[in-house]
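J.: Residues per chain, in single letters:
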Amino acid sequence: MTDFTLWDIVRNLLLAGRWTVVLSLIAFAGGACVGLMLTLLRMGGLWPIRWLVRLYVDLFQGTPLLMQLFLAYFGAAVLGFDISAWTAASVALTLFTSAFLCDIWRGCVEAVPSGQWQAARVLGLNYLQSMRHVILPQALRLAVPPTVGFSVQVIKGTALASVIGFVELTKAGTMLNNAAFAPFTIFALVALGYFILCYPLSRYARYLERKLYGAGSR
Amino acid sequence: MALVAVNDLHKSFGDLEVLKGIDLEIEAGEVVSVIGRSGSGKSTFLRCLNQLEHHDWGTIHLADQRLDGGAMSPGELSQNVGMVFQSFNLFPHKTVIENVMLAPVVVKQTPRAEARQIAEQMLDKVGMLEKIDAYPAQLSGGQQQRVAIARALAMQPKVLLCDEVTSALDPELVGEVLHVLESLAAEGMTLILVTHEMKFARDVSHRVVFMHHGHIHEAGDPQTLFTQPKTPELSQFIASIL
Ligand SMILES: Nc1ncnc2c1ncn2[C@@H]1O[C@H](COP(=O)(O)OP(=O)(O)OP(=O)(O)O)[C@@H](O)[C@H]1O
Ligand SMILES: [Mg+2]
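Taken in order, these protein sequences are the chains called A and B.
Using the numbering used here, the first residue of the first sequence is number 28, and each one after it goes up by one.
Using the numbering used here, the first residue of the second sequence is number 22, and each one after it goes up by one.
These are computed hints drawn from the structure, not numbers from a lab.
As the structure is a prediction and not an experimental result, all values here were calculated from the model.
Do not rely on the hints blindly, as some may be mistaken.
What the hints assert, rightly or not - Here are a few chain A residues that sit away from chain B, every Cβ distance over 12 Å (derived from the structure): (1) V37; (2) V49; (3) L68; (4) P91; (5) V118; (6) L122; (7) N204; (8) N205; (9) F208; (10) L228; (11) R233.
To be verified - Below, a sample of chain A positions facing chain B; criterion: calculated Cβ distance under 10 Å: (12) A147; (13) L152; (14) H160; (15) P164.
Built from N, CA and C at the ideal position, the CB exists for glycine as well.
In isolation and in its complexed conformation, chain A is listed as follows (with noise of 0.2 Å):
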């Protein structure tokens, strides 16, 4: 057990590192194309489209993202549906990003003046006309900062993809323990690995944020 060199663990947490980054990026850009669509739905469709996005939006944020992992691996199996951990891990962080998002920029909509709506609605803009020319590019100004650091969330939520099986980091991590046995090295060293990816992510949204909200004016 002791032919572990720092620099297998380190090489092999790498490698699975690699697999963090990947779930994370298609959580995130797969989040952030359905967070659209329901930002969109749950600002300008009908109420019970409104409705039925605020529901999704409130079972997401309000249940822990592990249930949703398991229910999205275990209950597509009882469904009949065989996929892998793969698939499952990517689905169920996807939607759970969708949602966050979905909630984050809402806000960031409701925050543009009404009184912009109303110039775009006179001169002649319907709603998808408006929303692009005219809300969405003031909202997205204020979007970036919280979602930046929302990401954070997401790659830290890609560790519990490691109880459905899915080697990533952590489970690389668990893998490794199981037989160098070396807990405190082999997990300040995964620790160290997440930090790595958020600490960049969460010091350039306060960077933004700064910068958005510091300089003062538009």
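Dock chain B with the ligands against chain A, hints included.
T.: The following block gives chain B with the ligands in isolation, referenced to the frame of chain A:
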């Protein structure tokens, strides 16, 4: 036939009846000032005219065409009725020329080159041609309001609604905006203005409408209306603002 014909217009917000039956006809080229106390329903009336608010009862016709009740799409409405707001509401992320070009390009699908030409023409009209590439935040209030007027004109509406367009301005900037409105009036633009600038209402408008508690309480040519008010409410109002 009048350009704008408003018939028995009613509007309530919940239990509050704000418009209690407005009848008004406006000829093409006419400049009408709407005055009245705060809360008398002036803005609501204007907002019904371009369907920013949906009234509960009554009809609005423009050039013999029904305008209300979903008879016109927002796109059609915007080519009939333009509006300028007290708070300018320019799009802060777009330059002056982009602000003015947006609706013609997006709504009317005017080719960009042509839209730009129209936009420059309108900006020239309001004296803002030199600031074409500035962002709204780089402009004074008076300049922003003049751009907002150009933006509304770029859709070539038949009527321009102005809701207290000088009220948010520093006193020294009011004149430049009123001057633009005056030149529009001289060109024959049909204008409906809610205003607290009584001198302007008297000098420029053809007709003044005094609103009181959701009714048109008194209306007439400015000279007579201001010097010989018929109702005590109007006398009081005139006294209160002098
Ligand atoms: N969206 C709304 N919801 C509820 N009440 C409203 C709404 N808009 C206006 N009101 C009410 O309707 C009444 C008339 O408002 P309106 O804005 O038309 O008055 P106004 O004559 O333009 O006054 P001001 O000179 O202060 O602008 C006011 O009592 C106002 O509180
Ligand atoms: Mg008003």
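J.: Looking at the structure, which of the earlier hints fail to hold?
T.: none
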